[in-house]
Every structure is written in structure tokens, then in C-alpha cells.
Amino acid sequence: MAEIHTSTVPSDALDDRSVSKSEITARRLALIAGLLLLLVAPFLIYPVFIMKVLCFALFAAAFNLLIGYTGLLSFGHAAFFGGAAYFTAHSVKEWGVPPELGILIGTAGGAALGLIMGFFAIRRQGIYFSMITLSLAQMFFFFCLQAKFTHGEDGIQSVPRGHLFGFIDLSQPIAMYYTVAAIFLIGVFIIWRFVHSPFGMILKSIRENEQRAISLGYSVARYKLGAFVMSAALAGLAGGTKALVFQFATLTDVGWQTSGEVILMTLLGGIGTMLGPILGSAIVVMLGNYLATTGFPVTIITGAVFMICVLVFRRGVVGELAASRIGRKFGLARWL
Amino acid sequence: MTMVFGVPLPALLGQLLIGLINGSFYALLSLGLAIIFGLLRMINFAHGAQYMLGAFTAYLLLHFAGIGYWPALILTPIIVGVFGAVIERLFLQRLYGLDPLYGLLFTFGLALMLEGIFRYYYGASGQPYATPPSLAGGTNLGFMFLPNYRGWVVVASLVVCIGTWLLIEKTKLGAYLRAATENSTLVQAFGVNVPILLTLTYGLGVALAAFAGVLAAPIYQVSPLMGSNIIIVVFAVVVVGGMGSILGAIVTGYVLGITEGLTKVFYPEASNTVIFVIMAIVLLVRPAGLFGRE
Amino acid sequence: MNAPSPQSLGEQRAVLSARGLSRRFGGFLAVNNVDIDVFHGEIHALIGPNGAGKTTVFNLLTKFLQPTAGKITLMGEDITSTSPDRVARMGLVRSFQISAVFPHLTVLDNVRVALQRPNGLAHQFWRPMSALDTLTGKADALLTTVGLMRERDALAADLSYGRKRVLEIATTLALDPKVLLLDEPLAGMGQEDITAIAGLIRSVAKTRAVLMVEHNLSVVADICDRVTVLQRGEILAAGDYATVSQDPQVRTAYMGREED
Amino acid sequence: ASVSDGKVKIGILNDQSGVYADFGGKGSVEAAKMAVEDFGGKVLDSAIEIVDADHQNKPDIASNIARQWFDTNQVDAIMELTTSSVALAVQAIAKEKKKIDIVTGAATTELTGKQCSPYGFHWAYDTHALAVGTGGALVKQGGKKWFFLTADYAFGYSLEGQTSEFVKANGGEVVGAVRHPLSNADYSSFLLQAQSSGANVVGLANAGADTQNAIKQAAEFGITQSGQRLAALLFTLAEVNGLGLEAAQGLTLTEGFYWDRDDESRKFGERYMKRTGKMPNMIQAGTYSAVLQYLKAIQKAGTDETEAVAKQLHSMPVEDVFAGKGTVGPNGRMIKDMYLLEVKKPSESKKPWDYFKVLATIPGKEAYIDPAKSGCDLVK
Amino acid sequence: MNALLDVRGLNAWYGESHVLHGVDMQIREGETVTLLGRNGVGKTTTLRTIMGIIRQRKGTLRFNDQDMMPVPLHKTARHGLGFVPEERGIFASLSVIENLMLPPQIAKNGMTVDEIFELFPNLHERRNSPGTKLSGGEQQMLAIARILRTGVRMLLLDEPTEGLAPVIVQRIGDVLIRLKQRGITVLLVEQNFRFASRVADRFYLMDHGHIQSEFPVAQLGERMDELHKVLGV
Ligand SMILES: Nc1ncnc2c1ncn2[C@@H]1O[C@H](COP(=O)(O)OP(=O)(O)OP(=O)(O)O)[C@@H](O)[C@H]1O
Ligand SMILES: Nc1ncnc2c1ncn2[C@@H]1O[C@H](COP(=O)(O)OP(=O)(O)OP(=O)(O)O)[C@@H](O)[C@H]1O
Ligand SMILES: CC(C)C[C@H](N)C(=O)O
Ligand SMILES: [Mg+2]
Ligand SMILES: [Mg+2]
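Heads up: the sequence lines are chains A, B, C, D and E, in that order. Start counting the first sequence at -11; every next residue gets the next number (our numbering). Start counting the second sequence at 75; every next residue gets the next number (our numbering). Start counting the third sequence at 77; every next residue gets the next number (our numbering). Start counting the fourth sequence at 740; every next residue gets the next number (our numbering). Start counting the fifth sequence at 573; every next residue gets the next number (our numbering).
For the record, the hints were derived by calculation from the structure and aren't laboratory data. Heads up, some of the hints might be wrong.
As the list claims (entries may be wrong) - Keeping only pairs whose Cα atoms sit at most 30 Å apart, straight-line, the calculated DSS-like set for lysine-lysine is:
#, chain 1, residue 1, chain 2, residue 2
1, D, Lys907, D, Lys883
2, D, Lys853, A, Lys136
3, B, Lys246, E, Lys801
4, D, Lys1089, D, Lys883
Unchecked claim - Residues on chain C that point at chain E, a partial pick, calculated with CB under 8 Å:
#, residue
5, Ser93
6, Phe101
7, Gly127
8, Ala230
9, Ala233
10, Val295
11, Ala297
12, Tyr317
13, Gln322
14, Gln325
15, Tyr330
A quick note: this is a predicted structure, and the numbers were derived from the prediction, not measured. C-beta: ideal position from N, C-alpha, C; glycine also.
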């Protein structure tokens, strides 16, 4: 059950052994090009837009950690993202903690929520898991709606960005930008490392055959919970960062639509790939930004994209590319 | 005034009755969801949108064809049910061999789109739909003033729920539905036309949602958001009842509606979350839900 | 893993034993008051008609199911309410009646996943995948033993049914279990594999205890030291194959008129 | 003296698809365009452009758009801003970026109170005016015991709070309150509580579709039959139209504009009606006035530079079809007369959109908080 | 006499892989015929193609003198063909009795429930438990019983003895012999050679997607060598 990704990803996507030297060089070059792009991007594109993309990309990558590598489709990831945004915003605004601590508090909060929700959710699989995460997240949503510190529909506004490590003034857009870029890179690196680790291997085998993994002595629940909490923590990292960038924490970020959005980003980009969620979030954020000023309801487009993806595009942009003839020829699956 | 746990008795009874009315909607909606889930193994995320579609169809029938409440109560489920059947034929059938999550995601997209379209044309503020004159007014029950229409909602939903349940459990249809879920090729090999069965089932589930939508129209505004407001609660109801369990969906729908009503009396702050809390507890004790089979 | 080695417990102490094991499904008693002892260095066969409760006994012993009544001890320790993964970590490992491999991992990785835990490489989420390379040697040795070396880099899903069964046994052996529970290990294998795997089972049994369910009676006759016959959840007969196979009750309930 | 980048761009940011879409929505955008046309289409020889966007009542979406408008689209001022949470958020950004914002859609007095901005203005109405108008009228008519049904967010609190104060100050009492989430569908159990509370006025401290629903359901549960009165504290022409006269008749409400007030307003109303198919409410008319006044201020300042324009806006009197004669306080509050209205019976309605009887005119000084007591630290 | 089932040049594909390369077989009414062959030669595929489950197929397929190629799957059964799959296909969510009653009856001469329970007492005992909670043997019995109730003229049985205890294998053998007495035609896929020789009138030997040879049970002795080669028995 719930092997959503096995059908979508070329099976060698995670296999980073048996790679030729020239390919490694090529990959390094691609990586360096990507880093350079990240470095110069704020001078070419509106930085706030890139920061938004980066926050959502990290969020989607964290979400993908769960679905892509354990096969669990969480429909409640907004709780971690939005919850962390609240925690960061509150601690920075009301307690006056420095931004780095604020983000840490957000991340830890996300992880804690992940632990609680995961405790209930990992007992079931497949759609059951999805329904349960959805419901628990909705419960958290109602909590946020009623709790005093979230300020209801108003949200926590005018969150001060403060000074990173006491001396980097984050109210400068460029300083904020590079901070976000750094957080993004760290987050993605953690995910990459996590997935390509001995732990990741066990996760993969659990997804393949849970009973067998138990009989080999793995306490499946703990591994799943571990992955869940990790994913939640990283979603929290993204949410906390977003709160600083936009100086805001609102109910939107904890609502189920946000959970849906992160699914869309991942699905569109390619579940179970490293690059997919990043690309997917760029597309979705761009679409949202563009439509926001046209008056055309975003949900019509979002809905349509969802349907089209599911019907004809299940591997997502990146996945389809890797599975295409050209992609196979160049072994793209191992790159993305 | 008689007091129960510090609450005046009339207030308590009144809230219980209102809980029962809400429960009627939960039961109808979760019944449709359970039927669809039972056979298609798919969470119909568009269920809320189809409920909304039911209300809007009644509204449009009234405004563009002058068709009133009573004919609409019959016509709407048919129209929306056929719409569901078409969706099933065109799209859902392509998803059957795949992971059930794709069905969830597809219908999620469908829900967003339907909602978006109606928002685009009708805004989100809601359109009024008048209570049928024959059910206008109310009855004084002594402890509360019960609008006749709401009384009718309880009766109608009970009748439809029980009828549907009998149809499925007491006829061979139920066995076909469950068997086809597991191995539709084999059931076909036995001589049952499964594709038609699937289409009809989805249509039936959707029609139930639309029926609930028509029932709801005079109570709430006919609003594009009415579906997404209720659907997640209904999901929780279905989880508590045990997914795919028809009886579970019905019973849990009413019981949780009443529980919610009670919570509003004793601890109103928790009334939004009480169903989710119950869900969490049920999951701990009986992961398959109250009526579910593991 | 510093439980006392079974050898030191003396020949007659059972490594795995169950007393009064029962399991009820609703109103149906699938396993009823079963006593069983599995000894070090022996192969113990559990046979019986379909539905007798053999797989259920396996599930109970490995804790995949919780017994309704009875007590299970593994190397002197009471495991009646231990979790299945912990039981596996204590050295009681099973194979499944329906083949259970990790289909989208390679044959090599299937074995390495099994090796990860005993070698302390299960939780490391901060180390690169190459940390697992240290296990390759051991895995290869094992694959050679079972004769799967040729398929080493194939995906498990691409193996034929019989080969999957072999892989499953290899994975099980990778854990170096003290007690090995095999549910119909030879079902679906071709004759060559049957001979080879039966031989393998016999050789690994020298240093551990094996309990197996098997319908292939010639193999049972060949390699098993002890046979327990189950019928309707109860023990019908127990002893060595020669005795049990002469038992008239066993003949009517299980073997039938002649050996088909 | 000149216009930066050769163009004056005004952004109308409001809810165009959500619960409050009828309240301002596309209608406000049309009203803004009318103002530009009436002004002559050009200011200081530069073109004027109206851009608009839907913020869906989400402060985060709104501030995203606002930022982008200011940073990359050369928008000079943002107006309308339905929904208090959005207005507060955008006003904070405008303040940081030193840009003008004129709020017509949102209600909270915070905008010109603690969170006031030197470049922020509040036009059509606010919660205080509503409390004084609708609340005051009902107290005068004998409504002494109040029970509130309150939208569970800042706007609701502020409306409930200010109305309660007013009620108490006039010798009344508040016997209870329940909070309901925004866009709630079912009020039955809240109404039941109101019914058993013994209050004689049920104050609806909510807006838009929420208020419409509450009123409908109150009728169903016989609230009015049992002798309680409903006070729809924020209710406009748009909601009356949505609900229908049958259900809305007899309600008392406060607006800053009614199209059928005099010839000038009727003319304006008809022009607006031609373009949109509806009559304007105070938000839409207020937006017209805000845009017009902003353009006048640029004209007068001879530049579109923020400080200079803000100075003019603070000092110029406001004279147009919406405001009649209004002034702007140092906290940014535009002060003008408000109207206390009653919804007609269906039989009294003589023509389409003939919905209101004007009960009284509330002088601006009474309706709005004295800027000196507003809590805004710009007021010395 | 015409064959009840007449298969000529039957080809079948799974996606791009061509599995059956022209299968020919003719089976007369009342015969029990066994299809032998190694793992993976296409025995199951043959049955599934005849039944119409696999639609990617070419060739001639006539049953009871009717062209079966255009008949949709859900109508095949009505022509009198019944299929028991290798994996048995017991429905987990249905009880034993519900499983038994599931297939629509297509002819009057099907067995009654009482007859079935007499034949399979185990099923009677477990009639109210959920289908997949049965053991393998019980499931196999149920799968056969289920089809017998419908009154099909011809049964396609895929490895009915796999994983069964010897005593059950014998019981199923008895059942097949009784079916033959009732005039039911059976096409059996079987790896258990002893079992097959006990029940079959005739054999088809299959190799790589086509029929290699065909012979009656009487010739079994002479054919042993060939069987050894092809089956590796
Ligand atoms: N669903 C499928 N998709 C693709 N190929 C398949 C599928 N099912 C079977 N095959 C292939 O078709 C060939 C014939 O398979 P089939 O199941 O008919 O063999 P069989 O003779 O019944 O073997 P066995 O004795 O193992 O049951 C095999 O090579 C198999 O791998
Ligand atoms: N989870 C369960 N719930 C209810 N009944 C069960 C369950 N598991 C097994 N049974 C019943 O218990 C009995 C024993 O089943 P089990 O699978 O142990 O038989 P077995 O001896 O392994 O048979 P086989 O040789 O066919 O595999 C069967 O009648 C089966 O129906
Ligand atoms: C849009 C209006 C009805 C008022 C809005 N609720 C506010 O917060 O001010
Ligand atoms: Mg078994
Ligand atoms: Mg086969």
C-alpha cells in the first residue's frame, strides 16, 4: 500500500553508486552553477519573490522527504510550517529573541508538533494516514484560531527581522536574502544527507515491505516517526524562515489549503526527486503571484493543474524528464 | 428551571436537537463518502464540492427554470449524480489501477476547481434560498422553538440513510460492491458488469452529497465555500466510524453531531475540535475506527 | 548480543518453547493449547492440513500476533509480551509463507539491509550511504553460499519466484539468528533449488535451531529431526518422522491414502 | 514639481472573491476608475492608472501584493483594503516604505489609533461610528440588555467592545457574548444561547455573509417573535440586497452614504449603477472619495512625493458626493457625518434599490473618536 | 462431434511482451484436460486469455460454437465458462457464505449450497468467517465451490493443488472426478504431475507460448521421456 513513489520514480533515482567519474564532474559543475545562480539571483530577480520560492522549496523538499522516501502522504504538513511560523514570530516579536534563536524555536516547535501528530498518524498507512494527518492538522488549525497568541484572523503582524548573530541587519533585503539562501542550502543538504544515509536505506526498505522489515528486527514505528519528525522539523525551519522574511505568521500557513499546495508543488515537480519539489514550488509560487493580481481565482488553475498532473503527469516535470528518452540516455534520474 | 449539571434543561435539550440536525448532514455526507470509499477505495475529496454543487443546482434550477424545492430535491441528486458519473467515466476510471492516493489528489483538484468556478461567478458571500412554504414556520416544543424545516431535515436524512443502508447491506449489491473493490476482474469474470457498477456507485455517492446540499440550501446560504467548511469534519467522522463502513458512517455521523452539540453547552471553546479529539482517542484505542475492520 | 549461547545451556534445554499456546479469532479457536519445544542443532517440522494453524503458530511465536493464552520463552527469557521487532533482535527470525523481499532494492541491498542493524548501521542519518560498503563483503559471502551471486545486482522484483524464496532465506540467514522459523521455504521452487536449499537448511541448522512448516514430505522425511503434526489448532502427534508418519490419525488427517 | 516615473498609480487592494466580495470588491475598483475620470484622467500632466488585486482576506497575500506593488510596480498609493487584518498589515508596510494608504473597507479604529501611520488614512467608517450609530439607536429605543454574537477576530472584538462601552455608558448591560469563527455557516446553537440569555437585543458584531446568515437563522428560530431585537452592527446596502427586504426589514444600521440621499448622490448612484449593475454602498462611494481626494492632494502639492501629499491630505477639507463636508484628523481619520438608517418593509419600497429610511444624521464629531483621544502618537 | 472449446492460433500480449504464440487446443464436452508446462511458459496466460481477462489477443476462440473474441469479460460467464484463478480470489471482506453466493447463477444445473457443504464440510464449519481468514486449502475449496454453484459448462482451473496438504489434494481430485461424472468440462493447469494423471483424460504439453504436443492419458507411459525433457520432472 501507499507506494506512491515506486510507480513514479525510476528505480535508480536514489542509487548513487556506480557513477562514472565524468558524470561526477558534470554533476559537480551543475551544482556549482546552481550555487552561482543562487548568489547572483537577487540582482536579476525581485528578491522577495526568490525568498518566497526558497521558503516554499524547502518546505516542499521537507514534505518530499516523507512521501518520496517513506511513501506516506501527509495532508497536514501545513501544521508544521504554519505552526513554526507562529512560534518564530511570537518569540521574536513578544520575547525579543534574536532571529537565529527564533528560527530554531520554530524548527523545534515544528519537530514537537511532528512528534505529537506522528504518534497518532504512523499507526496507519496509505489514505488512512493522509486522512488522519489532515484531521490532526485541522485540529491544530482550530487551536491556532482560538489561541490568544496567534491573534486569530489577524495573525502576528510586523514581526521584526532583527539582527542575525547580533550584527547582520536583516531589515536589509540583501542580508535577508543571503540568510534565507543559506538556510535553504543547509536544509536541502540535511535532507539529501538524510535520504542517502543508512537510515534512509531502512526507510526505503520499510516502504517496500513493512512486515519484512519488522521481522528483520527494525522497529518500524520508530523509523517512521523519525522520518516524520525530521520532515516536520524541516518544514518548521521553512515556516520559521518565512515568518521572518514576510514578518508575518497567519492562519493561511496552517490551513489545509497550504497542505494541499505543498503536495501540488511536490507532485508537479516530481515526487521522490531532489530537484522536483524545488522546481515545483517555483512554478506554483510564480503562478500564484501572477494570478494574484489578475483577479482570476487561483484555485481554478491550481485545481486544474492537480487534475492534469494526476492524469497524465504523475512523475512530475523532473520525473518525466528523467524518464524520457533523453533523460534515460544521460542518466538524468541520478542527477535530479 | 430544571438544571442538569448547571445547565438549564431546555438549553441542553435544544443543543442536543441542534446536534442531531448537524449530525444529519454529517451522516448523509459520510455515508456517501463511505460508499465511494468502500467500492472505489478512493477518498472523494470532492465530496464537499459536490454537496455545494447540489445546493447550487437547486439554486440555479429555481432561478433559471423556476423549479422549486420539492422537484429540486429529486432532480438535483439526479443531475449532480450524473455529473459525478461522467467524471468517473472520463477521469477516475483511468486511476483505478494506481495507488489510491492519486484518486485523493485528483478529487482534491476537482474540489478546488469546482469551488473556484463558483467563487468566480457567485462570489463567496452566498446566495439565499428560501425555505419551502410548506415547511416554513416552527413548532414550539416547550424547551425550544424548532423550525419545521430542520425537523424535516432530520426525518429526511434518517429515511435516506436507512434506505441506502438497506439497499447496500440487504441486497446482493453490497456483496458485489465489496467484492469488486478487491478484485474487479474476477467479479467481472463471474458475469458482473463492474465498470457500470463503479460508475453507478460513484454517481450514488455523489447524489447523496447533492441531496444533502439541497437539504442544506434553505438553512445555510448557498455558498461556494459551504463544502470545504464541512468536509474535513466529515472526514474525521468517517475515520472515527471506520472508513468504508456504511453503518459506521451513519451512526457516527449522528453520534458525533450530538456530541458536538453537547460540547457547545458544557465547553463551547472545544466545540470545533471535539470531533478531532474523539478521532485521536479512537485511533489510539481502535485504529480501524469504531465500526471498521482491520 | 550477549545472551548465553544455546550450546552452553545443554543439549536438552529448548531454545524456544511454548506452553499452552492458544489464539482465538472471534469465536474461532485457531490454535489451541499447543506445547512446542525447538532445540539447538535440530530441524523441527511443523506439518498439518491447510488451516491447521501452522502459520498462526509462527505468527504467535514471532509475536506478529498476540496469543490469547499461553507462554513463550526464548533462550530462557519470557517473550510472551515482547514486540515482534525486539523478538527478532533477540535472535528469533522468520521467513514468510508469501514471499517477502524488498522488491525495488537490489539483491545485494536486500541482504545489506538485513546486515545493517546487527552491524550498528541502522540509525545513522548523518552518514553517507557509502558507510554501508563495509557490509558488502559479508553480503557477498552469503550470496555465494546460497548461490545468488549471479543475480547480485538485479532488482529483487525481477527475480523469478523461486529465486525470490532463496533470497528471502539469505536475508534471514544474514541476521545469524539463533532460531530460524521458515514458513514453507520450498514452496514454488524447482527441484534443483529444493535440493540445494534443503541442503543449506540442514547445514545452517547445525549451529542453530530451526522450525519449519513444509508440505513437501520427502524433504521433511529427509532433513527433519522432529515433527509436530497440527490439526484444527491442536497437536495431533509429535515425534520423529518415521513414528509420526505411521500414526493412523496423521495418515487420515493429513497424508491421505497414499503419498500423492 | 513633478510626478515620479511619469505616472500616478493607485492600487485598489480588496476582497474580490471571498466573504466580503460584495462589500467592496470589484465595485470599489469601478468607483476608483470613476474618480479618475471625474478628475480628468490626468494629474500634473501625468497619466493616472488604477491597478487592482484580490487579497482574499488574507493579510499575507495582501502584504505580498502590496510589497510587490511598491517595490517593482511603482504603485504610489494603496486604497480600499477591506478587512481589518489586511488593512493593518498593509498600512505597516506602507509606513515602512513611506507610501500612502487610504483605508475604506476595514473597520477597526486601530488604524488611526495605536497603529496609526503618518501616511495612513481611514475614510468611510469605523467600528466606533457603528457603535455610536446602530448601538446608540437601539439603546435609545430601550435595548438595555445585550447579548453579542461576535466574529472571532480583531474586527469583531473591537466592534463588540466599543458597542458594549456605549451600551454601559447609557445605563444598559451586557448579559453575554459568544464568539464564532469567520465565515461560520450555522448559528443555531449560538442563537439558542442568545435566546436563553434573557437579553432583549442580540448584537451581531460580524459582517458580510456571516451577518446575513445569522439574521436568516434568527428568523427561523423565532428570535424576533420571542421579543428580542437584532442589531446588525455592520450592515450595508450590499448585504440588504443579498438578504432581500423580506428578511432584512426593520433592521437599523449605520452607513456613511446612501445613494437616495439627494440629487447629487442619486446622480452618482445611477452612473455607478450603469457600470456595475448595482448601487454603491459606503465602501464603494468612500473609495471614490478617497481616490478623488488623493488626486486633489497631488495636484495641490504639485508632486506625488509622499510627505508632501500626506501633508495636503491632512490639511485639505474633503468635499465630494460621499463626504459632503469632511475633515481629516492628525491621526488620519476622515471625519464626516454618518447616517442612521432603517431597512424598509417590502411594501414601502417604491423602486429598485429603495431600501432605506434615513432615521437620523450623526454628526462626525459624535461618530468618530476625537483624534486627541485616539491613542495615536502622531497627535501631539 | 464439434469441440466445446475450440482455440486456434491464439496469441496474447502483456503490453509489449508477446506471451502466447499461436496456441491450438480443442476440448470436447465432458473431457478433463490438463495443460502441463514449466513455470512461465504461459499456462496461466492461456486460461486468462480464453476467459477474456486478457484482451490483447488474436486468433480464433470459439466456445459452444460461438465466437468469443468480441464478448466482453462480464458476459463470458453467461456463455458457460467459469474461471478459478491461481491466487484463488477469495474476497476478504465477504464471509464464506457471501463468497459462495457471489457469482450470479447462469444455469439451473449448478450445485446447491447443501451439496457444496456436503462436499466441503470445512466450509460449512467456517461459513460465517471472513474469506481470507481461511487457510490456503480452505480458500482453494471455496474458490472451486463458488464456481460450481453457478452451473457453468466448462471450468478453467489454475493450479488448484498449489500449497495444499496431500489429503486436500486427494479431496480435490475426488471432486474433479465427480465433476466429470456430472458432465462438466475441465481445463486444468497443473504442475503436480501425479494429481494431473489421476484426473485427466488428455494432456497438452506447453512450451514457450505454444502447444508442444498432445496425448491421451493412456500414452502417459510412452511419453515419460519427453515429459522429463520439457518439464524437468
Ligand atoms: N502481468 C504480466 N505482465 C507482464 N508479463 C507477465 C504478466 N504475467 C505473466 N507474465 C509473463 O508471461 C509469461 C507467462 O506467464 P504465465 O503466468 O502464463 O506462466 P505460467 O505458465 O502460468 O507459470 P507458473 O507455472 O509459474 O504459474 C511469463 O514469462 C511471465 O513472466
Ligand atoms: N487473522 C485471522 N483472523 C481470523 N482467522 C484467522 C486469522 N488468521 C488465520 N485464521 C484462521 O486460522 C486457521 C489457521 O490458519 P493458518 O494460516 O495458521 O493455517 P496453516 O496451517 O498455516 O494453513 P496453510 O497450510 O494453508 O498455510 C485458519 O482456519 C484460518 O482461517
Ligand atoms: C469587510 C468588512 C465587513 C469589515 C471587515 N470585517 C473588517 O475587518 O474590518
Ligand atoms: Mg500457512
Ligand atoms: Mg501460472
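We went through each hint and held it up to the structure:
Between lysine 907 of chain D and lysine 883 of chain D the alpha-carbon distance is near 9 Å, which keeps this suggested pair within the 30 Å criterion. A distance of roughly 19 Å separates the Cα atoms of lysine 853 of chain D and lysine 136 of chain A; the hinted pair therefore holds under the 30 Å criterion. As the CA atoms of lysine 246 of chain B and lysine 801 of chain E are separated by approximately 50 Å, the hinted pair breaks the 30 Å bound. The suggested pairing of lysine 1089 of chain D with lysine 883 of chain D is violated, with an alpha-carbon distance near 34 Å, which exceeds 30 Å.
Nearest Cβ of chain E to the Cβ of serine 93 of chain C: about 25 Å, over the 8 Å cut. The hint is violated. Interface hint at phenylalanine 101 of chain C: satisfied, since its Cβ lies 6 Å from the closest Cβ of chain E, which is below the 8 Å cut-off. Given the 8 Å rule on beta carbons, the hint for glycine 127 of chain C holds: about 3 Å separates it from the nearest Cβ of chain E. Interface restraint check for alanine 230 of chain C: the shortest CB-CB distance to chain E comes to about 16 Å, outside 8 Å, so the restraint is violated.
For alanine 233 of chain C, the interface hint is violated, the least distance from its beta-carbon to any beta-carbon of chain E being 15 Å, above 8 Å. The closest approach between the C-beta of valine 295 of chain C and any C-beta of chain E is roughly 13 Å, which is over the 8 Å cut-off, so the hint fails. Hint on alanine 297 of chain C is violated. Least Cβ distance to chain E is approximately 13 Å, over the 8 Å limit. Interface restraint check: tyrosine 317 of chain C against chain E, minimum CB-CB distance 14 Å, threshold 8 Å, status violated.
The criterion of a C-beta within 8 Å of any C-beta in chain E is not met by glutamine 322 of chain C, whose closest approach is roughly 15 Å, and the hint is violated. Interface restraint check for glutamine 325 of chain C: the shortest CB-CB distance to chain E comes to about 12 Å, outside 8 Å, so the restraint is violated. This hint holds: tyrosine 330 of chain C has a C-beta 5 Å from the nearest C-beta of chain E, less than the 8 Å allowed.
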